[in-house]
Amino acid sequence: MSTAWAASPSDLLMRAATKAAGRRRSVTRRRLTLIVGLVLLGLAILAVLLAPVLVSQNPTTIDPLHPLAPPLTPDHLLGTDQYGRDILARILYGGRIDLAIAFGATAVTLVFGTLYGLVSGYVGGRADSVMMRVVDVVFAFPFLVLIIAIVAMLGPSIFNMFIAIWITSWVAYARIMRAQAVVAKKQQYVLAARALGYSRPRVMFRHILPNTASAVIIFSMVDAVGNIILAASLGFLGLGAQPPSPEWGTMIADGQNYILTSWWLVAMPGLAVLYIGISFALIGDGLADLLRAGQP
Amino acid sequence: MNRFGTLPRRLFHTVIALFGITLVTFFLLRLIPGDPALAILGSSYTHQRAVAIDNFLGLNRPIWTQYGLYMGRLFHGNMGFSFFYDEPATTVILQHVAPTVFLIVYAGVLAALISFPIGFISGLRRGGAVDQTGRIFFTLSFAMPPFWLGIIFILLFSVHIHAFPISGFGAGFIGHLYYLFLPALTIALGFSTVLVRSLRTATISALQAEFVDTARMKGIPWRQVLWRHVFRIAILAVVAVYGVNLAYLVGGTVLVENVFSLPGLGTLLVSSVNDRDYPVVQGITLLFAVIIVCINLLTDMAQAALDPRVGQEIGQ
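Protein sequence lines, in the order shown, are assigned to chains W and B. Sequential numbering of the first sequence, starting at 1, is according to the numbering used here. Sequential numbering of the second sequence, starting at 1, is according to the numbering used here.
Please note that the accuracy of each hint is not assured.
[Said to hold, decoys possible] Between beta-carbon pairs, the in silico distance windows are:
hint, chain 1, residue 1, chain 2, residue 2, range
1, B, Val239, W, Ile35, 51 to 57 Å
2, B, Asp54, W, Leu260, 47 to 53 Å
3, W, Leu68, B, His76, 53 to 59 Å
Keep in mind the hints are simulated off the structure, nothing from the lab. Owing to the predicted nature of the structure, the values given are computational and were not obtained by experimental measurement. Backbone N, C-alpha and C fix where the C-beta goes; we use that ideal spot for every residue, glycine too.
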């Protein structure tokens with residue numbers, strides 16, 4: 001794209017044509033993005049599930065003879081921590097916790113928030129007003145602060161972390177879905193369905209939801225990245241998984257004191273978070289372009 | 001139509017939100033399993049103090065009376081008593097406000113400096129070098145836990161090349177700028193992802209708008225079209241993103257303060273959780289929410305003032 005554009009109509013047509021061609025090319029590339037993301041995530045899930053087969057070490061067994069072994073030591077591919085525990089084993093077993101949060105927390109908030117937003121947007125009127133003010137209130141709190149406060153009151157544990165995320169994170173889905181439902185309500189296909197005398201639930205779930213779900217599904221991938229980072233953050237602050245449980249954030253917090261001499265204690269679990277984050281981000285990007293490309 | 005036409009409604013919503021916030025923070029303390037008085041006092045438990053707390057929270061009265069008491073105290077700036085610091089919670093909290101506010105503003109400005117040029121150029125030259133590199137770089141920084149990035153920064157810039165201090169707040173304005181550079185950069189990089197993306201999208205859609213074609217057909221120089229029409233509209237979109245993502249900035253601050261041991265609200269929040277200093281946790285939560293609601297209102301008003309089209313849409 002040059003800075004000196006000619007302004008003739010034929011040039012404008014050319015511009016539109018190249019734009020369309022560019023979009024087509026990028027759809028193929030995005031499909032690749034989606035596949036790469038799914039493969040990366042699938043590998044991670046497999047590795048975490050097959051942890052007992054892949055590594056012989058126990059993630060919590062202390063080996064006082066081999067503390068702080070650097071990566072590529074025989075028997076310890078990623079080295080050991082200050083207690084001589086194998087870092088690869090801890091990352092694989094810890095991944096069970098982090099991935100469970102990415103899926104468990106995200107799935108629940110996705111379903112609840114979507115239903116809430118759908119009902120609020122479609123029913124409209126006073127019910128919508130009241131329902132959205134509730135969303136406003138939860139939205140007013142910085143997520144991390146509210147989650148920390150809830151965990152603080154309930155007591156730090158993995159389950160309470162789930163509860164805190166469930167209480168706070170559905171609101172984003174509710175907002176996105178409501179906006180979609182408000183628009184869809186006025187569109188021809190919905191009007192047609194209503195004119196046919198279909199019931200409210202039928203119009204909402206059989207007509208509006210399938211046509212508008214792409215927005216929340218794309219967002220859920222971004223949200224999953226957020227939830228993984230959140231789980232690691234709470235673990236890091238000592239408010240999530242409790243030691244000696246091998247959660248990634250807890251591992252990073254443990255390794256912080258050894259940062260000057262043994263960087264791998266902090267670097268390895270951080271890279272694990274990054275790996276999962278990137279695979280979800282790729283899936284989200286790929287989905288976004290695929291689903292949007294399907295729309296006019 | 002008056003561009004502030006929906007303002008009264010926005011104000012009304014803000015008041016309702018503030019009311020809801022006090023409800024949430026009020027019920028926070030009731031989430032504690034067991035006896036709140038026992039939990040609040042912890043090791044400083046004595047029978048007299050327990051009775052004093054029961055009276056203070058009104059635990060033996062109906063729940064709506066308790067809420068009334070809570071609201072009455074809030075209007076006097078009383079957020080309860082911190083038995084850990086042996087001071088009113090309000091005093092403890094106010095002592096920690098300055099570094100946090102400084103860090104949030106600093107990170108916000110850094111994020112703007114990083115993302116405005118990159119986002120705008122990415123939108124102008126879609127698929128160009130800046131766009132591609134930026135996309136990869138910001139996908140990485142988005143998927144990175146901010147606290148981890150902070151530790152890596154300390155390792156690289158403080159330990160290996162001694163360019164920046166490991167922790168501390170510094171003295172004076174310049175001192176703050178220097179000491180808080182790495183923490184602010186850590187937060188800003190995460191935040192930039194969102195800004196770059198929205199600025200890129202806004203630029204692209206502004207470029208496709210008909211008023212840009214009109215301006216060009218009128219023979220206005222391209223550079224001027226970019227500045228006066230495209231960039232102005234794109235920036236407006238980003239103002240909204242700033243307001244919505246303020247919560248992200250605050251969350252990043254809480255984490256990064258703990259990594260760099262800064263004497264701010266985030267560090268206080270986490271240490272209060274560990275000390276079971278519930279009134280302070282409750283107070284910080286309330287303070288953050290109130291600030292965010294007020295800033296969001298200001299962002300909306302700023303947008304309405306800058307962009308006549310917004311006044312009619314806000315509050316829908």
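**Request:** With respect to the beta-carbon atoms only, verify the hint that valine 239(B) and isoleucine 35(W) lie 51 to 57 Å apart.
**Result:** 37 Å Cβ-Cβ, so the 51 to 57 Å window is violated.
**Prompt:** Does the Cβ-Cβ separation between leucine 68(W) and histidine 76(B) fall within 53 to 59 Å?
**Reply:** 54 Å, holds
**Asked** Okay, aspartate 54(B) versus leucine 260(W) on CB: inside 47 to 53 Å?
**Response** 49 Å, holds
Going down the numbered hints, you'll see the structure goes against just number 1.
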